[in-house]
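**Student:** Residue-level listing of the chains:
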Amino acid sequence: GAGVSQTPSNKVTEKGKYVELRCDPISGHTALYWYRQSLGQGPEFLIYFQGTGAADDSGLPNDRFFAVRPEGSVSTLKIQRTERGDSAVYLCASSLFQRNTGELFFGEGSRLTVL
Amino acid sequence: GENVEQHPSTLSVQEGDSAVIKCTYSDSASNYFPWYKQELGKRPQLIIDIRSNVGEKKDQRIAVTLNKTAKHFSLHITETQPEDSAVYFCAAPGAAGNKLTFGGGTRVLVKP
Numbered sequence: 001g002a003g004v005s006q007t008p009s010n011k012v013t014e015k016g017k018y019v020e021l022r023c024d025p026i027s028g029h030t031a032l033y034w035y036r037q038s039l040g041q042g043p044e045f046l047i048y049f050q051g052t053g054a055a056d057d058s059g060l061p062n063d064r065f066f067a068v069r070p071e072g073s074v075s076t077l078k079i080q081r082t083e084r085g086d087s088a089v090y091l092c093a094s095s096l097f098q099r100n101t102g103e104l105f106f107g108e109g110s111r112l113t114v115l
Numbered sequence: 001g002e003n004v005e006q007h008p009s010t011l012s013v014q015e016g017d018s019a020v021i022k023c024t025y026s027d028s029a030s031n032y033f034p035w036y037k038q039e040l041g042k043r044p045q046l047i048i049d050i051r052s053n054v055g056e057k058k059d060q061r062i063a064v065t066l067n068k069t070a071k072h073f074s075l076h077i078t079e080t081q082p083e084d085s086a087v088y089f090c091a092a093p094g095a096a097g098n099k100l101t102f103g104g105g106t107r108v109l110v111k112p
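Residue numbers (our numbering), protein chains in the order written: chain A, 1 to 115; chain B, 1 to 112.
Calculated directly from the structure, the hints in this document are not laboratory data. Treat the hints with care, as some may be off.
No farther apart than 25 Å at their CA atoms in a straight line, the calculated lysine to any residue pairs in the SDA-like style are these [said to hold, decoys possible]:
#: 1; chain 1: B; residue 1: K37; chain 2: A; residue 2: E108
#: 2; chain 1: B; residue 1: K58; chain 2: B; residue 2: H7
#: 3; chain 1: A; residue 1: K11; chain 2: B; residue 2: E39
#: 4; chain 1: B; residue 1: K42; chain 2: A; residue 2: D86
#: 5; chain 1: B; residue 1: K42; chain 2: A; residue 2: G28
#: 6; chain 1: B; residue 1: K22; chain 2: B; residue 2: L11
#: 7; chain 1: A; residue 1: K15; chain 2: A; residue 2: S38
#: 8; chain 1: B; residue 1: K42; chain 2: A; residue 2: F105
#: 9; chain 1: B; residue 1: K37; chain 2: A; residue 2: Q41
#: 10; chain 1: B; residue 1: K42; chain 2: A; residue 2: S9
#: 11; chain 1: B; residue 1: K42; chain 2: A; residue 2: G40
#: 12; chain 1: B; residue 1: K111; chain 2: B; residue 2: E39
#: 13; chain 1: B; residue 1: K71; chain 2: A; residue 2: G102
#: 14; chain 1: A; residue 1: K17; chain 2: A; residue 2: D86
#: 15; chain 1: B; residue 1: K37; chain 2: A; residue 2: S9
#: 16; chain 1: B; residue 1: K42; chain 2: A; residue 2: T30
#: 17; chain 1: B; residue 1: K58; chain 2: B; residue 2: L46
#: 18; chain 1: B; residue 1: K42; chain 2: A; residue 2: R111
#: 19; chain 1: A; residue 1: K78; chain 2: B; residue 2: K42
#: 20; chain 1: B; residue 1: K58; chain 2: B; residue 2: Q45
#: 21; chain 1: B; residue 1: K22; chain 2: B; residue 2: V54
#: 22; chain 1: B; residue 1: K58; chain 2: B; residue 2: G16
#: 23; chain 1: B; residue 1: K58; chain 2: A; residue 2: F97
#: 24; chain 1: B; residue 1: K37; chain 2: A; residue 2: S27
#: 25; chain 1: B; residue 1: K57; chain 2: B; residue 2: L109
#: 26; chain 1: B; residue 1: K58; chain 2: A; residue 2: G102
#: 27; chain 1: B; residue 1: K68; chain 2: A; residue 2: E44
#: 28; chain 1: B; residue 1: K57; chain 2: A; residue 2: F105
#: 29; chain 1: A; residue 1: K11; chain 2: A; residue 2: T76
#: 30; chain 1: A; residue 1: K78; chain 2: A; residue 2: A55
#: 31; chain 1: B; residue 1: K58; chain 2: B; residue 2: K71
Go ahead and model the full structure; you've got the sequences and the hints to work with.
**Tutor:** As structure tokens, this is what we get:
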């Protein structure tokens, strides 16, 4: 595709519910990243995929967060038992380069609001 | 892990003046330093980057300088224009290189 696509663009949910956020990276980009951005702050790393495998998931805040990339392209970030503190913009980025040696192309983000 | 500090958090300049944003990093193994620009409600976009084997890089009105000894790097914007108004983020990868750690951002306002 022309760029990184994220859906939904906005998601409002109630505390305790389960949500899935989808990322469709640029075709051919093997590296895929999830970041979380709270208002007025920089993006915070969550997880990095190289191909199908999670190369680094050290940024996932707890076991309520999980991400998959089963075919090495589309990725889904899954959040169980959502809490109000999970409210943020979830950014996905893809890159041709491994290990952060080149440009990350970000999507527009999925804004999650937990009521 | 890597720790990136960015200053100032806000910067207001008159159109035509220069703007300078500074970042420090903690992991001496970091070897790649990008700068991203994020306009209100938009995605972050790379504007310039520098690798650790050079000390300065320029691209039209923007430049980045790197001091590896002091572990800091700076973004310089000359002849600022209203369209330069945005939030700017610096970042560094740390030793493992698996994740970019971003600074807290600098909100730049260019006053006409």
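**Student:** For every hint, state whether the structure bears it out.
**Tutor:** Cross-check of the supplied hints:
1. A hinted pair counts as satisfied when its Cα atoms are at most 25 Å apart, and K37/B with E108/A qualifies at roughly 13 Å.
2. Distance restraint check for K58/B and H7/B: the Cα-Cα separation of roughly 21 Å lies within the 25 Å cut-off, and the hinted pair is therefore satisfied.
3. In summary, the hint linking K11/A to E39/B is supported, as the alpha carbons are separated by about 21 Å, within the 25 Å threshold.
4. For the hint linking K42/B to D86/A, the alpha-carbon distance of about 20 Å falls within 25 Å, and the restraint holds.
5. At most 25 Å may separate the alpha-carbon atoms for a hinted pair to count; K42/B and G28/A meet this at roughly 24 Å.
6. Taking the CA atoms of K22/B and L11/B, the gap is near 12 Å; set against the 25 Å cutoff, the hint holds.
7. In summary, the hint linking K15/A to S38/A is supported, as the alpha carbons are separated by about 18 Å, within the 25 Å threshold.
8. A hinted pair counts as satisfied when its Cα atoms are at most 25 Å apart, and K42/B with F105/A qualifies at roughly 12 Å.
9. This hinted pair checks out: K37/B and Q41/A have alpha carbons roughly 13 Å apart, not beyond 25 Å.
10. Between the alpha carbons of K42/B and S9/A the distance comes to roughly 12 Å, so the proposed pair stays at or under 25 Å and holds.
11. The hinted pair formed by K42/B and G40/A meets the criterion: a straight-line CA distance of about 13 Å does not exceed 25 Å.
12. Taking the CA atoms of K111/B and E39/B, the gap is about 16 Å. The hint holds against a cut of 25 Å.
13. As the CA atoms of K71/B and G102/A are separated by approximately 20 Å, the hinted pair is consistent with the 25 Å bound.
14. Among the hinted pairs, K17/A with D86/A is consistent with the structure: their alpha-carbon atoms are about 11 Å apart, no more than 25 Å.
15. With a C-alpha separation of about 20 Å, the suggested pairing of K37/B with S9/A holds against the 25 Å cut-off.
16. Using a Cα cut-off of 25 Å, the hinted pair K42/B and T30/A holds, with the two alpha carbons roughly 24 Å apart.
17. Taking the CA atoms of K58/B and L46/B, the gap is about 14 Å. The hint holds against a cut of 25 Å.
18. For a cut-off of 25 Å, the pair hint linking K42/B to R111/A stands: about 12 Å separates their Cα positions.
19. For the hint pairing K78/A with K42/B, the CA-to-CA distance comes to about 23 Å; that is within 25 Å, so the pair holds.
20. Restraint check: the Cα-Cα separation between K58/B and Q45/B comes to about 17 Å, which is no more than 25 Å; the hinted pair holds.
21. With a C-alpha separation of about 17 Å, the suggested pairing of K22/B with V54/B holds against the 25 Å cut-off.
22. As the CA atoms of K58/B and G16/B are separated by approximately 18 Å, the hinted pair is consistent with the 25 Å bound.
23. Between K58/B and F97/A the alpha-carbon distance is near 22 Å, which keeps this suggested pair within the 25 Å criterion.
24. For a cut-off of 25 Å, the pair hint linking K37/B to S27/A stands: about 23 Å separates their Cα positions.
25. With a C-alpha separation of about 24 Å, the suggested pairing of K57/B with L109/B holds against the 25 Å cut-off.
26. A C-alpha spacing of about 17 Å is found between K58/B and G102/A, which places the hinted pair at or below 25 Å, so the restraint holds.
27. Taking the CA atoms of K68/B and E44/A, the gap is near 24 Å; set against the 25 Å cutoff, the hint holds.
28. For the suggested pair K57/B and F105/A, the alpha carbons sit about 21 Å apart, so the restraint of at most 25 Å is met.
29. For the suggested pair K11/A and T76/A, the alpha carbons sit about 14 Å apart, so the restraint of at most 25 Å is met.
30. For the proposed pair K78/A and A55/A, the alpha carbon gap of about 17 Å is at most 25 Å, so the pair holds.
31. In summary, the hint linking K58/B to K71/B is supported, as the alpha carbons are separated by about 19 Å, within the 25 Å threshold.
This entry satisfies every hint, going by the numbered hints stated previously.
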